[in-house]
Every structure is written in C-alpha cells, then in structure tokens.
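Protein chains in written order, with this note's numbering: chain A, 1 to 990; chain B, 1001 to 1074; chain C, 2001 to 2204.
The hints are simulated quantities; they were obtained by calculation from the structure and are not laboratory data.
Hints are supplied without guarantee of correctness; some may be wrong.
[As the list claims (entries may be wrong)] Below are the EDC-like pairs computed for lysine to aspartate or glutamate, each with C-alpha atoms no more than 20 Å apart in a straight line:
{"#": "1", "chain 1": "C", "residue 1": "Lys2075", "chain 2": "B", "residue 2": "Asp1055"}
{"#": "2", "chain 1": "B", "residue 1": "Lys1072", "chain 2": "C", "residue 2": "Asp2086"}
{"#": "3", "chain 1": "B", "residue 1": "Lys1030", "chain 2": "C", "residue 2": "Glu2129"}
{"#": "4", "chain 1": "B", "residue 1": "Lys1026", "chain 2": "C", "residue 2": "Asp2171"}
{"#": "5", "chain 1": "A", "residue 1": "Lys781", "chain 2": "A", "residue 2": "Glu739"}
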Amino acid sequence: MSIVKKSAQSTRAVSGGHLVHSLTRAVASRMPTLDRRAFLRRSGIGVGAGLAASQLSLVRPAMAAEGAGKTDGKGKVEVKRTVCSHCSVGCAIDAVVENGVWTRHEPVFDSPINLGAHCAKGAAIREHGHGDHRLRYPMKLVNGKYTRVSWDEALTQITDSMKEIQKTSGPDSMFVIGSSKSNNEQGYLLRKMMAFLGTNNCDHQARICHSTTVAGVANTWGYGAMTNSYNDMRNSKSALYIGSNAAEAHPVSLLHMLAAKEAGCKMIVVDPRYTRTAAKADQFVRLRSGTDVAFLFGLVYHIFKNGWEDKRYIDDRVWGMNKVKDEIMKQWNPKNVEEVTGIPEAEMYKAAHTMAHNRPGTIVWCMGQTQHTIGNNMTRASCILQLALGNVGKEGGGANIFRGHDNVQGVTDLGPNPDSLPGYYGLAEGSWKHFCRVWNVDFDSMQARFADKMMGAKGTTVSRWVDAVLENKENMAQANPVKGLFFWGHAPNSQTRGLDMKRAMDALDLLVVVDPYPTATAAMAAMQTEGKVNPNRAVYLLPASTQFECSGSVTASNRSVQWREKVIDPLFESLPDHVIMQALADKLGFGDEMSKNYKMLETKFAGKTWREPQIESILDEINKGLWTIGYTGQSPDRLKAHMRNMHLFDVRTLRATAGTDKETGYDITGDYFGLPWPCWGNPSLKHPGSPNLYQPSRHVMDGGSPFRARFGVEKDGESLLAADGSSTPGADIQMGYPEFDHTILKKLGWWDELTAAEKEAAEGKNWKTDLSGGMVRVIMKNHGCHPYGNARARTIVWNFPDPIPVHREPLYGNRPDLIAKYPTYDDFKTHWRLPTLYKSVQDKNVADGMAKEFPLVMTSGRLVEYEGGGEETRSNKWLAELQQENFVEIHPAAAAARGLRNGETVWLTTPTGAKLKLQTMVTNRVPKDTVFVPFHFSGWWQGKDMVDSYPEGTAPIVRGEAINTATTYGYDSVTMMQETKTTVCQVMKA
Amino acid sequence: MKLITLAIATAALALAGCSQQATGAKPDQKSAETANNNYVANGDSWKSGDKASWDKALKQRAEGQNDYVRSKSL
Amino acid sequence: MAQMKFICDTERCIECNGCVTACKAEHDVPWGVNRRRVVTINDGEVGAEKSISVACMHCADAPCMAVCPVQCFYKTDEGVVLHDKDVCIGCGYCSYACPFGAPQFPQSSTFGMRGKMDKCTFCAGGPEENGSQAEYEKYGRNRLSEGKLPACAEMCSTKALLGGDGDVISDIFRNRVTMRQANGKEAGANLFGWGTAYGGKPAA
C-alpha cells in the first residue's frame, strides 16, 4: 500500500486539497478496502507541513523544558508512577523523569488493571511533558484578541466580577462547570467551594455521559456505579455490549474481554453501526438507534417465555418482577420488537438463548444507551434483564457500565454535582448538617450564603447551561438567569445546540475558562458572528496544570482508587486546580474557612508563592465524611502502598493474597486493588474494598454485600427487604433488614459494643452520619451485617416518570408512524430549574414534516485517537497525525441517492439551521438511513476555520467541525441528559 | 593470462570468504552490551556483553506480553 | 540464540493504534514518518473486518538489504535488520523492495532528495554507542540494550502485537490459538501466514 502511495507522491509536487484526493482515489481504486484512517490524508501533507523533519536528522531529540537539566541519559533518573488521564480504565504509567524532564514512558506490567497495555492515547501520554499547544499564562479577551495578563490581575478582576454578579442577581447567577478530569481531592474541593459560593449551580461531564445510568441503576438497587470490573469480565461466559464501542472508547478493557472470549465467552454486540467492537463479536445485532428498551425487553420476553429466568434469585432478591413480566409479555412480543427495532425474531431469540445458557453473563453499556430522552428507561431495562437472569452480584456477571473520563467516577462520587453534596448525600438539611460537621463550619452561616430556600434546591445542569443564561427569569426556578460562568476542565463542544451556545456565550457578563488548553470555548467566545455580544462581557483564560503536574487520587470505572505521583513541575505559568480554587476562595473571603481542616503549604508556582491545600489532607477529610459509599477506608497511605505493590494483585480477582509493603510495613494481604468503594469504616478497620457490588456469597468484611435498602421496607403490601435465608455468610441476621441507625443498634443490643467516644459521636445518628465509624465497625466486624441493609432490587421505580421502563420515540426522528404509537412525554414546566419541552417539540416536528426534510438519522460517537471535546488530544502531534479530518460515515445507497462518492466534501444540515462542512466516508458500517459523525472535533464553525480566534500559537493541530454545533434539543426525563445519540439530518454535496 | 585468471579467482575466493554480504555500515555494538545511560531496566539480572544472561533476561521480560500468566486464578 | 520477531494476533488487534503512538513517542518520530502502521482489511464489512499491525518484519532474507547500492544495512546476532544513516544515500530502492512498506523517508520529492531512510529498528538503535545521545537522535531508543523489548509490543492494548524471541512469542501465540480452537472460536492462526513466514507446521 505504501509503495504505491510513495511512488505517486515522489513524482508530484507537494500540495493539499484536490491533488491529494485524486491521489488517494487513485490508491483507493487499486486497493478497494482501504480503512477509514488510511483514506484520509494520513501522510500529513496538508496539515502537518510545518511539522516535517529536516532532511538529515530524522529523529528529534527530546526538547528539554526551559530551565530544566540535560537529558542525555546520564543525569539523575527517577520513575514516577501515575495513571493515564484519558479514560476510566485507569492504565498505570511509569513516567521516567531525568533532571525534571519527562523523557521516557515505561509500561507497568505489574498493574493488575492494564498489565502494561495502552491504547493510542495512553501510549502518547508523554506529550503532556511538552505541551506545545498549552495555555501558558492567564489571558483576557481584549478587542477580539487574547492578550496576556498576570495571575493577580486576572484573579482580582474575576472575583470582583463574581461578587458583583452575586450581589446584583443573586448567588445562583454564577454557574461553575467543573471537571471529570480533576482528581478526587480537587473535585471534592470544588464542590465544597460551591457551597461557600452559596449556589448548587455546578456540574460536570457525568451529566452528559452516565447521569441516566447513575439515576436509573441507583434507583434499582442502591448505587449507580459499575457493579463488577473490567478484570472480572474474564469470568464471564457471555457478554452483551449494547451502546458501547469499547474497542475505541475503552480499548484496554478488551484485553480482558478477548481473553474471556478465548476461554469461550460469547460476545454479543448490539449497535446501529458495525463498530470495531462489533468486529470482534460472536453475534452482531444491528439495532435502530434509540430502541434499546424494545430490544432489552424483547430479550426478556424470550427469557420468560421459555422459563429461563432465575426464579430463586427473583424470589429472594427482587421486587416487582411479576408486574414487569406482565407488561413485557403483553407489549414486547417479537412482532412489536421487530417493528420498533428492526430486528427479526430469530436474532432476538438467538441472543436471549445465548445469555440464558451462558451464565454468568455481563452487560456493558455506554453512551449508546444513556444519551436519550428515555435514557433512564434504557438503563433500568438493562438492569431488569440482568435481574431476570440472576446475573447481578456474581463474578462474571453484573452491569459493567464503562465510565468515560479518567475520573468521572470519582467526581460523580464526590464532586460538583448540582443535586448532591459529596457522596450522594443529596441536599436535605440533614446532609448539609453532616457536612458542616465534617467541614467544621457553622450550619447557619453556611445557609445564609444561599438565596432563600435555595440551599436544598438542586441546581441546573451543564446540558442546559445555555438556557440558564438565555431563558426568561419568570420561567426559571431561581431569581435571575446565569450571568457568570466557569468552564473548568470541560469542553463546550460536547454539549448540544452549538448555535444557541454561541448566543449564550455572547450574553454572559463573565466567562472564565480554567484548563490546560484554551479549548474551543476560547475560540467560540472570541469568534465574530452576526449575533450581538454583551458589551460588558469579560472573558478570561486561566492556565491549569494537568494531572501529571500534581499528585492525587483517581477512581477508575471499577471503583478502584489509584494514586498518582507528580511527574513534573507545572509547565509555563499553570497552576494545579486546587491552588486556583484556594486563590479564588482567598480573594472571595472564605479561603481560610474552606481549608481550615487542611495542612496548608506555601508552594512556588509561576514565579511566586501560593497557598496550596495539601492533597493528602483533603483525602483525609473525604475519608472522615463519605460513609454512604465507603470512601472512608481509602487513606493516602493505603493507596500509595497499593501503587508500590501492584504485582501482588491477581488479575482475575483483583485480590492480594499475601505481601507486605517494604516502605511502610503495611500488610496488603486480602486487600482488593485500589480498595474499590465501598471500602468500609476507618482505615484501621482494614476493610479490603468491594470488587463486585451486591455479591452476597462473600462475608461483608470480605467485600460481599446484599442489595441496598434504600427505598423503604414495604411497598404495595410486599416486602422490599430480602427474603428469609437470603443474606451474606456469617451475618447474624439471616434475612432481610433495613439500614442501620442508632435505634436499631440499641434494639439489637449491639450499642454497648461501641466505645465511649464512639457512642458520643453516634448518638442520634445513622450509619451515614456517625463520624466515628463505630457503628460500621460493630455492624460489620462484630456481627457480619451490612450497614446499608439487606433488601431487594426494585424493577419498578415508582417515583420516576415511567415506573416501568417504556419505549418512546426520540424528539427528532425519521419515523412519524412510530411516534404515534410511542410518543414522548408531556412538557415539564420545571425540570432542574428550567422549563423542558418534549411533546411540543416532537409534535411540531411531525406537523412540519421534519422526516422528509431531514430523512437521515444522525448519531455520533468516539474515535480511539481522541477523547472528549478533543482539544487536548488534537494538540498531541502523535495522535493528530492519525485522524486529520472530521468525516461523516454514510451508507453506499444513501450516498448514491445524493450523488456522493467517497471523500467528497458535503454540507450536513440539521433542523437547528446549522450546516457543517465534512468529508464523506462511504461505508457499509452504518445502515442505510443512519449517518455517523465523530464528536471530538472543534475549531471550525459552519465551514470556517476558527484558527484566528484562538490565542496565538495554541490552536490544536487538527481542527474540524463540531457535530454538536448542529445537534438538537432533547433531554432525559429524570437527569436532563442530552439526546445526542439520535437526531436527524440531511447531507448534500457542497 | 593464467596469472590474471588466478588473481581473479583468488579475489573471488577472498570475497566469498566474507561471512555475509559486504556491508558499508560502520561496526555496531552488540545489543547485549548494556546501554551507556541510566535507563537500563533490571540491569543486575544480566552481565553486559554476556549473550546468555541477556537472552534469559529478555525471555523473562517477554512474559509481560502474556496475560495468561498473571490471570491464572490463584 | 534468540531470533527477534514480531507476531500480530489478528484475533486480538482492535486497531487502537497504541503500537503506532508508542513507537512515535519512544523515538520522537517526526510527522510524516510511520515506522509502524495498522492496516485494516474489509473495513466496515460485517463479519469480515480484520486489523493487523505492520512494521519492519526484520526478514530472515531481507530484500532491502539485498538491493541497497551502498550496503548500509546489517543484521545483528538476533536477526534485527538495522542500517547506517550516515551511509544511506536516500535512493529509495529499499522502499520499493520491501513488501511491507517499512522504509520511510521524511521528504517526498525528486529522486535522490528523499533524505535518510528511517524504519523500525526493533528498538535496537543503530551503529552508534548503545544508549548514547547520538544513537537516540539518529535512530531512536535502544531498548534491547536496556534489557527491554520493543515499545510497540510492550504497550499493545490487547497484547495482540507480540515482539521478542521468536520461540517465546510463538508459544504465547500458539497457546491462544489452541484456546480459541478448543472453545469454538476463530483460531486466527493463518491470516498472518505464520507457517510461511517462520517455517514449521502452521496451525490448522
């Protein structure tokens, strides 16, 4: 292949555009099966011209950072162990540093999670030590250009503006979009800072990623996290991937899955597209986008019809299955399933048969399931499938939800969520009082920071921040619209409705980007369009350090907590997130209050000394307060010992059978790697962590647990607690029981096993608010019971809009006939503080004949080379070279109907009025009526390159149209998740 | 004439005596000779220049590519 | 004596490009030079798509070595094919001769102005002192002399790409093929042409 290409290139002058395409077409005609990467300008003639090497020396020496020492291999070499900052698998990295410069990257074969493996992004991680396109110093937008300002100027002006906004419009007119890429300590500190700011208007990427998972799954059986682990999938006999392209989004997870497959695991992949993951499947099922509920219940139909359900399991541990069964048998027969999903009965039966006859089986889902108006229905349908099969709480089974960003799990657990304090405590007064005790601050003065009655009111979401700015205040459940916004480690092009977003950015009084890169936000804010810009708007860019320039803990998708060592000092004038937070808090007047429990350091950054709350002491505070999910046992010492001794942990079970940490003498025996939460009690209790949730075959001090008693003890005359005899081994109570509080302890006669000090702290409290940990200790260690109770999973969530999951057509669809049968919700007057439309949008689309004008279903998704909004990875030359253009995958029939050939430039238009300039990739990967566009690109705006809108020298190497410039309105009925996975578009020749 | 033929034959023989095809590359160190930098891994498990111990060290290292080894249940 | 080889297990390769960027990062390979690439056939075709990672195969009888007019190639004791950039004249013959497209050139212009050929070195550097700055700047890192194996194989996301002593990695690969055969999966032994490349009885 390359020989042909080279001879073609060597006889022509170098240029881009048409010439390259004719060359690639020439090559393509010789090689009809070029893959999607090869067909695009891979040799980088057009884009990478400036990066070509000189003639003689082909290999560039590592460029030593300013002021750093020599790096000829003879200097002082240290190895810092860290964790990749891209996805949630949590691949360990040994970063080799010579004289302060990050020179090498060695694989960590010892890691039980990745065994040294990396995907393209992880293998390219060392580029973070160069940061050629980083934001180097604070900047302010002045007359359309970003100009450098000092930290002091920026912080003073920003905080003055924040004070002004909150004074005139109320505390809720500030909104901070936080980051799933901060470490746990930084995420937690941000949530705490928001409390001091007097508003719950904070959020992060989980909203647009797995919010429907967390809500749906937590409301089914207790917690909304991945129940087992990537490693545990080696034990699976069957695996159903629905709406997950793990080969591109979580590549290293396939290390475990493919090994399982070699051992006989049957892999079923369900997706509208034939993805790279589907290429590894034993059975690929093509599903119409957005019809997951019909598919999943169509499987359950066959399971019940053939009596394949696990009756004993359901009797012991599940509530409500009879009603759900009735509904499914009535509604989801093969005929209806085929009508909605497009899947014939034979394929459905085959998949159901496989799952039923190959247990334990696991289910994996990602954005394909979550990003819909009925996302919470889909995730619950997945849970119901696994409950019917009795797969939850077994090794090799479970609901293996693959989280996205490296620390989205951790930040969901304890970071800036609008509807909860850290640890899913919610916003009730009792929870606020609990945290005020943990934080050592006065409850009344905390309450006084909030607008009246707003302390317990959940905030608005990142998916709707645009409407929080643009909506009329009469329609909002807060005093005034949002006027000041932080994009803190979060991209803008991952949210829908880009055209509206530009208007919102132009309407703000204050826009602050805190990020290692300027991000597309900087370009979007600076670019000139026809709309008018608020003359009072001030835009600031603050350079943040990456996770390799500070230390801290990070929680992988399987709930294991890993510790990152600092690799290099912060580059340029960047500051780590927690230092920026402290500086803002100090200027706003609550810095001391906020950090009173922490050890404060005086650290040199950007040429001066700054107050830095010590990361370990923040984790200590987390350990003191987060009882709900067991973030109490993962002390800094235990976590660091795990990172030093990774070789002791078994890959299949994640358990260390024996071993001592040489450095501290800590006995690792019995620990699960990373002490996956819940890790109960104080660190001294030495709980080993919980590798698989809801596994009742293990003792509670061995990582076992029943389902959580979260929904009461009884409903509709039936017990919500587990059946008699269904309990964990060695438990003193061998039947269902509710969650524990001091009264139950006293009734059982266990109260006197607490020490005097413990009694004092635990008096009047429950297991979640007892700061001494005494209750947890006595319940678990002395009596083998579980503090959160022993209950049934519920298949009917009576407090949700659809108690039993149903299918509803998306707001923007190309099947008006099905909309009549499966319509969407009625409009919500207030949903997370904003009016949220459903029926009026869907009805209007039908009335307007939307399906005729936009006949193609549009879905978006991931590429392995990039991550999230993409500005960080598209600034990495090693990754950028592999994927240089945004493109739209279109079926040959749809292309032919439009007179399109492979590699042609097209306009993609959507009902929003946006038009995107893309290249076509004609492929059988997508079905006839669906197109696919990757979502990682930004830097182009409706056909125009925005390179001039970035600060000088920081525009990413690769830029392209952001698909979310054109995506449409639509939000989940419970969590406000955006409906990105299924909307409509038209494609035409440019 | 005979002398020239003999000379040519000798030259041909001499060339054929070279172990492999003649190479214009400069002579290179053996890979088993430890790199002269501070990046060497497990440097004490092999002796610089000793092929047998270096071979053994690399064979051991190759097991890092074999996930079956560590995934056997204990 | 160990002979160094690569095997890419196509049943495990997911085209993640980890091997590609591992190589780029390890040797600071400039834009436009691809020592290693992943090739996918039947892209997007249901049931037929397969990927394989390709770089220099360090052939037992290397065609590049055979055609080089200035004999800049040599073979190490372990069978690794290396070359001397100071001798290379950038003629491009090796590039035409190689069936895998391994030789790369930084420039693309008229004959003779290609610059020095660059290719995968099996992370064994070149004819400079092992691990020296000079070797790094010309050829990249010399992992073999550091007691390590090629970065691409050590970092492969699914351990599809194996690199090291031919006997050792064949064993690893053979075990997987056997497992797959025993469990009714596609064995994946033949796509690579293993038997043809390395001799011996190919797996069924």
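Going down the list of hints, with the structure as the test:
1. Under the criterion of a C-alpha separation no larger than 20 Å, the hint pairing lysine 2075 (chain C) with aspartate 1055 (chain B) is consistent with the structure, at around 17 Å.
2. For the suggested pair lysine 1072 (chain B) and aspartate 2086 (chain C), the alpha carbons sit about 49 Å apart, so the restraint of at most 20 Å is broken.
3. Restraint check for lysine 1030 (chain B) and glutamate 2129 (chain C): the C-alpha separation of about 10 Å stays at or below 20 Å, so the hint holds.
4. Under the criterion of a C-alpha separation no larger than 20 Å, the hint pairing lysine 1026 (chain B) with aspartate 2171 (chain C) is inconsistent with the structure, at around 35 Å.
5. Restraint check: the Cα-Cα separation between lysine 781 (chain A) and glutamate 739 (chain A) comes to about 16 Å, which is no more than 20 Å; the hinted pair holds.
Checked against the numbered hints above, the structure violates hints 2, 4; every other hint is satisfied.
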